[in-house]
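Engineer: Position chain E against the provided structure of chain B, taking the given hints into account.
Going down the list, the protein sequences come from chains B and E. Sequential numbering of the first sequence, starting at 1, is according to the working numbering. Sequential numbering of the second sequence, starting at 1, is according to the working numbering.
The set of hints was computed from the structure by calculation and includes no laboratory data. Be a bit skeptical, because a hint or two may be false.
Claimed, not checked - Listed below are the simulated BS3-like cross-link pairs for lysine-lysine, each with C-alpha atoms no more than 27 Å apart in a straight line:
hint, chain 1, residue 1, chain 2, residue 2
1, E, 22, E, 77
2, B, 26, E, 109
3, E, 58, B, 26
4, E, 112, E, 22
5, B, 26, E, 49
6, E, 22, E, 58
7, E, 49, E, 22
8, E, 109, E, 58
9, E, 58, E, 69
Said to hold, decoys possible - Footprint (simulated), chain B over chain E, 3 or more residues, beta carbon under 8 Å:
hint, stretch
10, 25-36
11, 40-48
Unchecked claim - Far from chain E, some chain B residues (derived; all Cβ distances over 10 Å):
hint, residue
12, 7
13, 16
14, 22
15, 44
16, 52
17, 60
18, 70
19, 81
20, 84
21, 86
Predicted model only: the values in this text are computed from it and were never measured. Don't be surprised by glycine CBs; every beta carbon is placed ideally from N, CA and C.
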Amino acid sequence: DAGVTQSPTHLIKTRGQQVTLRCSPKSGHDTVSWYQQALGQGPQFIFQYYEEEERQRGNFPDRFSGHQFPNYSSELNVNALLLGDSALYLCASSLWGQGTGQPQHFGDGTRLSIL
Amino acid sequence: AQSVAQPEDQVNVAEGNPLTVKCTYSVSGNPYLFWYVQYPNRGLQFLLKYITGDNLVKGSYGFEAEFNKSQTSFHLKKPSALVSDSALYFCAVRVAYSGAGSYQLTFGKGTKLSVIP
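Chain B extracted, bound-state conformation (with noise of 0.2 Å):
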């Protein structure tokens, strides 16, 4: 049984660059979510994907958007690369209308540095 799965590993972008993050759900999974984590803190919510939608966003400007395919899979897009970016990006599924509080499964991130 697969868990969540995030490509690539690292990357190195420099100031105003663009880049795209991916993210496989864990079998079963139909809803993704983003975290920022820098370093030395906790992820910081960014959005969350559901049936192809935005349903919930943190605060974190417009240069951050994403998308989920119809597979479930998620990309997390950066425009306008700013250093501030350079941080751990964490991909977590989860199942909707789990009112009971499942906990949402996150894969190993994406290590971003901003040159």
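Structural biologist: Chain E only, in chain B's frame:
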């Protein structure tokens, strides 16, 4: 607004001794609380959760956590620490989403646990 505080950046404990990693929370309504562990260069791994019921919750790898509503705390505990428990631990609270299809997590800053042989 919901928030989580982990007052200790680092906790050091000798192997075999009991360990406690502290967490306090602030949330509107009833909290759903989680503990996750992160090993170097890895994602977050679920340890345990509190939803309702018994205040003492048991989880993976011998960890447990005690929910205290009056103190708004959810401390992580283990009776006997192992060197392999050394990692970064995050406490998180569920933020309810109106429309209630799913939820987002609010995390603390994390506590680095070092178990000394």
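Engineer: All the hints need checking, so say for each whether the structure fits it.
Structural biologist: Do the hints match the structure? See the list:
no., hint, verdict
1, E:22 / E:77, "holds (9 Å)"
2, B:26 / E:109, "holds (26 Å)"
3, E:58 / B:26, "holds (24 Å)"
4, E:112 / E:22, "holds (11 Å)"
5, B:26 / E:49, "holds (19 Å)"
6, E:22 / E:58, "holds (16 Å)"
7, E:49 / E:22, "holds (15 Å)"
8, E:109 / E:58, "holds (23 Å)"
9, E:58 / E:69, "holds (17 Å)"
10, 25-36, "holds (count 3)"
11, 40-48, "holds (count 6)"
12, 7, "holds (13 Å)"
13, 16, "holds (27 Å)"
14, 22, "holds (15 Å)"
15, 44, "violated (7 Å)"
16, 52, "holds (14 Å)"
17, 60, "holds (12 Å)"
18, 70, "holds (18 Å)"
19, 81, "holds (22 Å)"
20, 84, "holds (17 Å)"
21, 86, "holds (15 Å)"
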